[in-house]
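Student: If you read the sequences in order, they're chains G and Y.
Numbering of the first sequence is given in the working numbering, commencing with residue 1 and proceeding in unit increments.
Numbering of the second sequence is given in the working numbering, commencing with residue 1 and proceeding in unit increments.
One or more of the hints may lead you astray.
[Said to hold, decoys possible] DMTMM-like cross-link-like pairs, simulated, lysine to aspartate or glutamate; straight-line CA separation at most 25 Å:
| # | chain 1 | residue 1 | chain 2 | residue 2 |
| --- | --- | --- | --- | --- |
| 1 | G | K358 | G | E71 |
| 2 | G | K172 | Y | D234 |
| 3 | Y | K220 | Y | E242 |
| 4 | G | K115 | Y | E222 |
| 5 | Y | K158 | Y | D234 |
| 6 | Y | K282 | G | D167 |
| 7 | G | K241 | Y | D197 |
| 8 | G | K303 | G | D167 |
| 9 | Y | K301 | Y | E266 |
| 10 | Y | K280 | G | E71 |
| 11 | G | K115 | Y | D9 |
| 12 | Y | K297 | G | E305 |
| 13 | Y | K297 | Y | D275 |
| 14 | G | K115 | Y | E242 |
| 15 | Y | K282 | Y | E181 |
| 16 | G | K5 | G | E305 |
| 17 | G | K241 | Y | D208 |
| 18 | Y | K278 | G | D167 |
| 19 | G | K115 | Y | E119 |
| 20 | G | K172 | Y | D295 |
| 21 | Y | K278 | Y | E181 |
| 22 | G | K241 | Y | D140 |
| 23 | G | K115 | Y | D140 |
| 24 | Y | K232 | G | D167 |
| 25 | G | K303 | G | E71 |
| 26 | G | K241 | Y | D145 |
| 27 | G | K241 | Y | D12 |
| 28 | G | K115 | Y | D12 |
| 29 | Y | K232 | Y | D275 |
| 30 | Y | K278 | Y | E306 |
| 31 | G | K241 | Y | D9 |
[Claimed, not checked] Between beta-carbon pairs, the in silico distance windows are:
| # | chain 1 | residue 1 | chain 2 | residue 2 | range |
| --- | --- | --- | --- | --- | --- |
| 32 | G | S211 | Y | Y117 | 50 to 56 Å |
| 33 | G | G346 | Y | C7 | 43 to 49 Å |
| 34 | Y | W8 | G | K135 | 26 to 32 Å |
| 35 | G | I52 | Y | D137 | 32 to 38 Å |
| 36 | G | Y176 | Y | H10 | 47 to 53 Å |
| 37 | G | N7 | Y | D208 | 32 to 38 Å |
| 38 | G | L48 | Y | S136 | 16 to 22 Å |
| 39 | Y | S136 | G | L113 | 27 to 33 Å |
| 40 | G | A322 | Y | H10 | 27 to 33 Å |
Calculated from the structure, these hints are not laboratory results.
Quantities reported herein were computed from a predicted structural model and do not represent experimental measurements.
Glycine included, every Cβ here is placed at the ideal spot set by N, Cα and C.
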Amino acid sequence: MNKPKLNSMQMMTLISAGTLGVDILTVPRRMVESSGQDAWISILLGGLLTLIFGTLAYILAVQYPDKDFPEILISIGGKFFGRLMLLIVAIYVLLYLGLSIKIFVQALLVFLLDKTPVFILMLLMNLVAGYAVVKGLETIGRVVDILFPLTIFTIFFVMLLALPQADPIRLKPILYNNDKNVLKSIIPAAQRFTGVGLILYYFKHTNKSKSSFLWFLAGICIPVFSYTALTLITIMVFGIKETAILTYPPLTLIKAIRFPISFLERLESFAAVFWIGIVFNAAVLFYYSSLRNITVFFSIPEKYEIYAIWAHLPLLMMIGQAESNVWEVLDGTPIIRTVQFLIVLGMIPLLAGYTFLKNRRRRPGESKKIRDLPFYYT
Amino acid sequence: MLLLAGCWDHIDIEQRGYVLGVAIDAYPPMPGKDEKAASEETPPEEEEKIEMMETHTGKPSYAMTIQMPILRKNPQPAEGGGSSSEGGGLTWEITQVGNSFMAMNRELLARTSLSLYYEHLQVIIISDQVARKGISDVLDFFTRDPEMRRRVRIFISKGEAKAVLDVKPRIEEYSSVYLAEMPTNAGKNSRIVHHTDLGQVIQLIHNDLSFVLPVAQATKDEIKITGAAAFKGDKLVGWVNELETEAIKLIRNLYLGGVVSVKSPEQKDALEVLDITKAKTKITPIINNDQITMDIKIDIKGNYAEYINKAALEDITIDFLKENIRIFLKSADLTAPGLKLHPAACQLVFLPFLNRLVFA
């Protein structure tokens with residue numbers, strides 16, 4: 001096995017950074033639309049569901065410690081079925097990446113760069129994300145390590161500043177004739193945490209230890225906690241009626257922060273800089289995953305990977321340009337939602353269960369370190 | 001490096017038209033018509049022709065006036081104080097008539113070489129005539145446009161809103177800035193309504209809460225905040241005088257500071273003045289069978305500020321509050337801060353009760 005390029009702790013930053021993507025701008029509105037003042041409960045329950053499915057993904061990754069997701073699929077499904085499953089996953093990841101960048105650019109157009117052509121913004125984002133992927137996993141890990149603390153600090157700093165305007169009474173009545181809506185919204189809420197699937201791509205490259213699983217869980221808990229807290233604060237500040245009509249509630253939340261003196265008047269511009277970092281992190285992580293899908297699907301040798309990286313550019317630009325209705329993009333197109341549902345709630349749990357049962361016997365040649373990992377079947 | 005050298009969104013500072021204030025009047029009639037007729041500028045008929053715009057549907061129902069500072073490339077010393085659209089003035093007030101604020105905003109671009117820029121907007125003044133019909137429609141554009149700040153202050157004018165923008169202030173250069181700064185004095189003067197931000201107003205409207213907005217009254221060179229305008233839903237339904245404003249702020253836990261004068265308990269006809277530095281109010285509704293009462297607890301801290309040994313005009317103690325409870329009920333909403341009650345219960349029990357009292 002190659003020397004791991006990422007340490008255990010980076011599992012946390014990678015999973016968190018991959019999950020906190022463009023969704024952070026729209027999560028409070030989407031959840032309030034479906035479950036009103038109890039939106040935060042839906043997110044919390046969706047987060048718990050994500051922990052369960054994330055654990056299943058982790059179990060699958062642990063069974064194949066020297067393979068990433070595309071390789072696992074080929075290994076389990078064989079050349080034909082494995083490639084078929086991989087094709088679905090590859091299309092999903094590519095569409096998710098392309099549309100995420102499209103949403104990012106649309107938001108950027110609204111509050112920062114209104115005259116810059118969409119094409120240019122998309123091209124620049126794709127170029128820098130692609131460049132980070134060219135530089136390799138160590139670079140990706142370090143970029144995420146630098147940006148992640150800043151983004152988390154910004155999120156919590158904004159929430160802290162907005163607290164004086166929060167009125168807890170806007171959260172009431174809690175679960176008053178609303179339990180059905182809350183339950184219905186759990187799966188849509190869990191879909192906001194798509195980034196947990198990245199464990200299947202990055203576990204292969206991390207230094208495995210007993211604490212790996214805990215770092216992974218921490219990586220899920222950070223975005224779950226952030227989204228729940230952000231939704232709570234947004235509802236407490238704006239109430240549900242206003243939250244439901246705001247396109248990007250967190251940005252409006254930043255604008256709503258008031259000080260008795262003229263201080264931090266343009267806080268949203270400051271926060272936007274870090275939000276760009278959040279999206280960049282997620283874009284890079286998904287870009288790398290997409291690269292792995294494509295190289296494994298087409299059996300591209302490592303020395304030609306660079307061509308696969310830059311081959312993404314026209315594909316991502318086309319995806320971004322093809323979808324002209326930004327609202328459809330923001331709400332997630334039905335095809336993407338269905339595919340996501342099939343992969344996260346169907347394919348990964350099935351494969352995890354199958355391999356967990358199949359690998360009952362200790363496999364020869366695997367070190368004690370691997371055998372000691374949580375969920376490694378011995 | 002090549003890419004970093006350029007910017008699509010670059011606009012030179014002198015090419016921006018910084019909108020400092022917006023006044024919204026009902027149309028017809030055209031605001032400031034008499035003033036224009038008296039001036040020696042363009043004949044009013046020609047001016048009105050320019051201010052009109054062709055609408056896609058419906059008839060023009062609003063007149064929007066914007067105030068922009070005149071930033072000269074070669075500044076000349078200002079003669080005397082003040083501003084106006086007159087020659088040598090510091091600001092330019094342009095009026096546009098239409099029925100959509102977005103359309104009026106874009107139509108204004110046909111009258112200026114500058115690119116209108118709202119990020120520094122200070123105030124929106126709405127005439128009482130417009131406010132009586134509802135301010136939701138008026139504020140919609142200002143809420144949606146990403147350039148707008150949620151901290152833009154909203155004022156109501158008795159009569160023409162444009163007249164407030166036309167004021168030539170003695171100290172400040174621009175009437176918009178002059179007006180926008182006034183609510184910051186609410187910490188010393190309790191008769192000024194300071195909860196007047198666009199964001200707060202929109203929140204109150206969306207949450208179906210009643211509220212008050214400050215009333216701006218203008219002379220040629222001065223603006224005064226004279227009490228408040230009471231809103232139910234998004235419609236102006238009545239006026240609140242300065243003393244009533246003080247009571248509303250005190251009872252609704254919005255009191256930042258002010259002065260209360262009381263009769264001296266020690267000497268008849270003497271007046272004692274208290275400079276209130278802190279006031280905290282807690283309202284607890286009590287349901288007892290069909291009877292609803294509200295327990296209002298107000299903690300006031302302040303400094304003994306003045307003693308005047310002459311006849312007091314009126315007794316402003318507990319009677320002052322009792323007298324103004326009715327005013328409070330006008331605009332009170334049971335989901336106000338400090339109220340610990342299930343909102344559903346408020347909806348079912350309290351609101352019908354209040355509706356009988358509110359602006360009866």
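Student: Hints first: check each against the structure and report whether it holds.
Tutor: A quick look at each hint next to the structure:
no. : hint                          : verdict
1   : K358/G <-> E71/G              : holds, 17 Å
2   : K172/G <-> D234/Y             : holds, 24 Å
3   : K220/Y <-> E242/Y             : holds, 22 Å
4   : K115/G <-> E222/Y             : violated, 40 Å
5   : K158/Y <-> D234/Y             : holds, 17 Å
6   : K282/Y <-> D167/G             : holds, 15 Å
7   : K241/G <-> D197/Y             : holds, 18 Å
8   : K303/G <-> D167/G             : violated, 58 Å
9   : K301/Y <-> E266/Y             : holds, 20 Å
10  : K280/Y <-> E71/G              : violated, 65 Å
11  : K115/G <-> D9/Y               : holds, 5 Å
12  : K297/Y <-> E305/G             : violated, 72 Å
13  : K297/Y <-> D275/Y             : holds, 19 Å
14  : K115/G <-> E242/Y             : violated, 47 Å
15  : K282/Y <-> E181/Y             : violated, 29 Å
16  : K5/G <-> E305/G               : holds, 18 Å
17  : K241/G <-> D208/Y             : holds, 10 Å
18  : K278/Y <-> D167/G             : holds, 21 Å
19  : K115/G <-> E119/Y             : holds, 16 Å
20  : K172/G <-> D295/Y             : holds, 22 Å
21  : K278/Y <-> E181/Y             : holds, 22 Å
22  : K241/G <-> D140/Y             : holds, 14 Å
23  : K115/G <-> D140/Y             : holds, 23 Å
24  : K232/Y <-> D167/G             : holds, 21 Å
25  : K303/G <-> E71/G              : holds, 18 Å
26  : K241/G <-> D145/Y             : holds, 19 Å
27  : K241/G <-> D12/Y              : violated, 39 Å
28  : K115/G <-> D12/Y              : holds, 14 Å
29  : K232/Y <-> D275/Y             : violated, 32 Å
30  : K278/Y <-> E306/Y             : holds, 18 Å
31  : K241/G <-> D9/Y               : violated, 33 Å
32  : S211/G <-> Y117/Y: 50 to 56 Å : holds, 53 Å
33  : G346/G <-> C7/Y: 43 to 49 Å   : holds, 47 Å
34  : W8/Y <-> K135/G: 26 to 32 Å   : holds, 28 Å
35  : I52/G <-> D137/Y: 32 to 38 Å  : violated, 48 Å
36  : Y176/G <-> H10/Y: 47 to 53 Å  : holds, 52 Å
37  : N7/G <-> D208/Y: 32 to 38 Å   : violated, 53 Å
38  : L48/G <-> S136/Y: 16 to 22 Å  : violated, 39 Å
39  : S136/Y <-> L113/G: 27 to 33 Å : holds, 30 Å
40  : A322/G <-> H10/Y: 27 to 33 Å  : holds, 30 Å
When each numbered hint is compared with the structure, violations occur for hints 4, 8, 10, 12, 14, 15, 27, 29, 31, 35, 37 and 38.
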